[in-house]
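A.B. asks: Per the working numbering, the sequence shown starts with residue 1, numbered consecutively.
Warning: the hint list may mix true and false statements.
[What the hints assert, rightly or not] Below, in silico cross-link-like pairs of lysine-lysine (DSSO-like), each with a Cα-Cα straight-line distance of 27 Å or less: (1) Lys342 x Lys463; (2) Lys359 x Lys342; (3) Lys444 x Lys359; (4) Lys233 x Lys359; (5) Lys619 x Lys463; (6) Lys314 x Lys342; (7) Lys463 x Lys44; (8) Lys463 x Lys444; (9) Lys619 x Lys44; (10) Lys359 x Lys314; (11) Lys463 x Lys608; (12) Lys731 x Lys612; (13) Lys314 x Lys444; (14) Lys608 x Lys641.
Treat the hints as calculated values from the structure; they're not laboratory data.
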Amino acid sequence: MSTKNLTCNRTLMSILIAGLSTGATVALAQTSPTLEEVVVTAQKREQSLQDVPLAVSAMTEEGMLQAGISDIEDLSRQVPSLSVQNSNGVMTSNYRMRRVGNIGNIPNFEPAVGVFLDGAYRSRPFFSSGDMFDIERIEVLRGPQSTLYGKNTTAGVLAIYTRSPAESFEGNASLDVGNVDGAQDATMGRFVGGVSGPLTDTVGASLGVSLIDQDHTYESALSTSDAEANNLKRQAVRGQLKWDASDALTTRLIVGYMEEDDDTSQGDVYFAPGSGADTARNILAAAGIAQTCSSNDPLDQRHCSLTTQTTDVKASEATLLVDYALDNGWTVTSISSWDWFKFEGTQDDATQLASPLLKFHDYQESDSWQQELRLTSEGGETVDWLVGAFYYQNDFDRGDHGNSYFFLEDTDSAAPLPSILLGSIFGRPTPFAAPGQNGIYNGKQDTEYLGIFGQATWNITEKFAVTGGMRWQQEEKDASVRQGVTIPGRSLLSLNLLVEENSGGLDRTTDEVTWSLTPQYFITEDLTVYATAAHGFKSGGFNIGWGTTPMDQRQFQDEDIMHYEAGLKSTLLDGRMQLAVSGFYTEYNDYQDAAFISQQFSVGNAQKVELKGAELEGKILLGEHVSSDFAVSYADLSYDKYTDGLCYPGRTPTDAASGTCDLSGEHPINAPEWTTHLGLMYQTDVSWGEVYARTDWSWSDNYNTSFSADPDRVQDSYSWLNFRLGTRWDKYEVVAWVENALDEGVANYDSQLNLFANDPSYQTYRQPPLSYGLTLRADF
C-alpha cells in the first residue's frame with residue numbers, strides 16, 4: 001500500500017477515534033436517551049442485533065428515511081462491506097460482499113450474494129435494485145451463509161423485509177424533484193406512496209407504488225447525431241394481504257410488479273490512437289459510413305454510439321408466508337414463492353464504431369418457483385433448534401428458438417470494401433455478413449435445487465453457547481446453445497459470432513454438504529465474543545453465450561469455501577453506543593470469476609483465491625441532539641493461484657496455446673482494500689416542529705478497473721459526500737439534499753470493446769454524477 005494510502009487510513013482512524021472519544025465525554029456528562037434495540041432474523045429466529053454471533057448490518061425504515069436511502073446503491077454507501085455496481089440499466093446491477101462477487105450482466109449466472117425478499121430467494125439482483133418502498137428493514141449478512149441460506153450465498157446475504165399491513169389505517173406519500181448533473185442537466189422526479197390498514201378484524205391489506213422519471217444524462221458527441229442516453233423510467237407496485245386466521249395461524253400474501261423502459265448507452269468509449277478499433281473507425285469514416293466523434297474521454301458522459309441502447313424490463317413476483325404455532329411452542333413456517341421477468345433490448349451500433357454495421361436484438365425470459373418448510377423450536381431452552389427443507393426450480397431462456405427475437409443482423413453489406421477491410425482487422429478478410437444474412441441464437445438453462453438443513457444452539461450455561469448447523473444440497477443444471485445464420489455464407493457473423501457447429505446440450509449434477517460451527521461467550525450482559533468456522537459451496541454451471549467456444553469448454557466448476565471468523569459485539573456508555581468488530585479469513589477453491597470477452601461476460605475458475613480482513617461498525621449518541629454511525633472495512637482479496645486469467649493489451653500470454661495469462665498475486669477487479677463510512681446527524685426541536693441536518697461521508701481506496709489486472713486501468717481513491725437538511729412538523733416533512741456533492745467521476749469498471757479483443761481501446765462504466773433536489777413527504 002502506498003504512503004499516501006497509509007496516511008489517509010491513519011487519518012480516517014484518527015477521525016473515528018477522536019469522534020468516539022469526544023462522544024463518550026459528551027454523552028457521559030449529560031443525560032441522553034439510549035439507542036433503540038434492533039431485532040433481526042439473521043438466524044431465522046428473532047434475536048437482538050447485538051446478540052447474533054454473526055457479522056450483520058441492519059437498517060430500519062426510520063434509518064433509511066433519515067439517510068435518504070432509496071435503493072441498494074444508496075445503502076452500500078452506509079455499509080462499506082457491501083458494494084453495488086450498475087453499468088447500463090437494471091439488468092446489469094450486481095452486488096458484492098467483502099469484495100467477493102462478480103461484475104457485469106451474466107443472465108444465467110447466479111451471483112455470490114444471495115438476495116432474499118421476505119424470506120424468498122431471488123436469483124437476479126434487479127429484483128431488489130429498484131426503488132425501495134414499504135420496507136421494514138434490511139439485513140446485510142457478511143461472509144458465507146451456505147448452511148441456513150444455502151443456494152449461492154458464498155459472499156453473504158442481502159435480506160429485505162417489507163412492512164406487514166398496519167393494525168390501524170395509515171398512509172404516506174413522498175415526492176422527489178431534482179437535477180442530475182450529467183453532460184447535460186437532467187431533471188428527475190420520484191413518487192413513492194402507500195396505504196395500509198385493516199379490512200376486517202382479522203384481515204389487513206396494504207398497497208404501495210413507486211414511480212421514477214429521469215431525463216437523459218448522456219449527450220451524443222457524434223457529428224450529426226443528437227441521440228441522448230441514460231434516462232430512467234420505472235414503475236413498481238406491491239400489494240399485501242394479511243390474514244390472522246386464529247391466534248396460532250397467520251398468513252401473508254405479497255405480490256409485486258415492476259417495469260422499466262430506458263434509453264441507455266453502451267460503455268463510454270476511449271479509442272487508443274493507432275489501435276485496431278481506432279483504425280476501423282477511421283476506415284468507416286473515410287468511406288462515409290461512420291460519423292466522427294468529438295469525445296475521447298471515457299468519463300465525460302458524452303457517448304459515441306450511433307443510436308442509444310433500448311431496455312425494456314418487466315418483472316412479477318408473488319410470495320405466500322404461513323406461520324403456524326403449535327401447542328408445544330414450536331412454529332411451522334412455509335414460504336412459497338414465484339418470480340418471473342422478461343427483458344428486451346436493442347443495440348443498433350453493436351460494433352461501437354458509430355456505424356450501422358451490426359444490429360443486436362436481445363430477448364430474455366425466466367421464471368422460478370420455490371418452496372421452503374421449517375420447523376422451529378420455541379427458543380430460550382437448553383437447546384434451541386430448527387430444521388427445514390428448500391426446493392427451487394428456474395427456467396431461463398435467451399432468444400426464442402430462432403423465432404425473431406434474438407439475432408444479429410448486418411445492415412451495411414452493400415458497402416463490401418470497408419466491411420472486408422474491417423474483417424482483415426479481426427483476422428479474417430471477410431465481410432461482416434453476406435447480403436441478407438442474419439444470425440440466430442438461443443441459449444437455455446434449467447436449474448433444479450433441493451436442500452435439507454438444520455441448526456441447533458446448545459446453551460451450555462447462561463454465558464456460553466455453541467451453535468452448529470449442516471445442509472445437504474443437490475443441484476441439477478441442463479443447458480443448450482443453438483446458434484447459426486439464416487443464409488449460408490462466410491462472414492464474421494457466421495465464423496466469429498454465431499458458429500453453428502458450436503451448438504449442443506450440456507448437463508451436470510452436484511451434491512454437497514456444508515456446515516458451520518460457532519461458539520459464543522457473553523463476557524458481560526453487554527459484551528459478547530464469538531468465533532466461526534464454516535464450509536461453503538456454490539455450484540458450477542455453463543457459459544451459454546454465443547461465439548466460437550466449443551460445447552465441451554463451456555462448463556465452469558463448483559466453488560468450495562473454508563471460512564474462519566472471530567468477532568466482538570458490545571453495548572457501551574449505558575446504552576448510548578453500540579460497537580461490532582470482526583476479523584476473517586476465507587479461502588476459495590475454484591473461485592468463479594467472470595470477465596468481459598467479445599460483447600458478453602464469461603465465467604471461469606481461479607484455482608485459489610484468498611480473502612483476509614477486518615471490520616468495525618457502530619453507532620453512538622454524542623449528546624442530546626447529535627448522533628453518529630460509522631464503519632470501516634478492510635478486505636484484502638487476491639488471486640493466490642490463477643493461471644488462466646485474461647491478458648491485458650500488450651501483455652504476452654503465459655500460455656500461448658490458450659492465450660491466457662497468470663494473474664496469481666493480483667487483486668480482482670474493483671476490490672479496494674479499504675472502504676469507510678461516517679455519518680453525522682443533528683436534530684433539534686423548534687417552535688413549529690423539528691429541524692435536522694445529516695451528512696454522510698464515504699471513502700474508497702484505489703482499485704483496478706480491468707478484468708486483467710491492467711496496471712494502466714486504476715481508479716484513484718475518492719470520497720463520496722451526501723448532505724441532507726430538513727424540517728418536520730405535524731405529519732409533513734421537507735428535505736433538501738445533495739448526493740455526490742464533490743461530483744466525483746468514478747469508474748466502476750473498464751472492459752475491452754464489444755468486438756475488439758486484446759485492443760488497447762476500452763469502454764468505461766461509471767458511478768452516478770452529482771445530483772440535488774427537494775423531497776416533500778406527508779404521513780396520514
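A.B. asks: Against each hint, give a clear statement of whether it holds in the structure.
C.D. replies: Hint by hint, here is what the structure shows:
no.	hint	in the structure
1	Lys342 x Lys463	violated, 52 Å
2	Lys359 x Lys342	holds, 20 Å
3	Lys444 x Lys359	holds, 22 Å
4	Lys233 x Lys359	holds, 24 Å
5	Lys619 x Lys463	holds, 25 Å
6	Lys314 x Lys342	holds, 5 Å
7	Lys463 x Lys44	holds, 21 Å
8	Lys463 x Lys444	violated, 53 Å
9	Lys619 x Lys44	holds, 24 Å
10	Lys359 x Lys314	holds, 23 Å
11	Lys463 x Lys608	violated, 38 Å
12	Lys731 x Lys612	violated, 47 Å
13	Lys314 x Lys444	holds, 19 Å
14	Lys608 x Lys641	holds, 5 Å
The structure does not agree with the numbered hints 1, 8, 11 and 12 stated previously, though it agrees with the rest.
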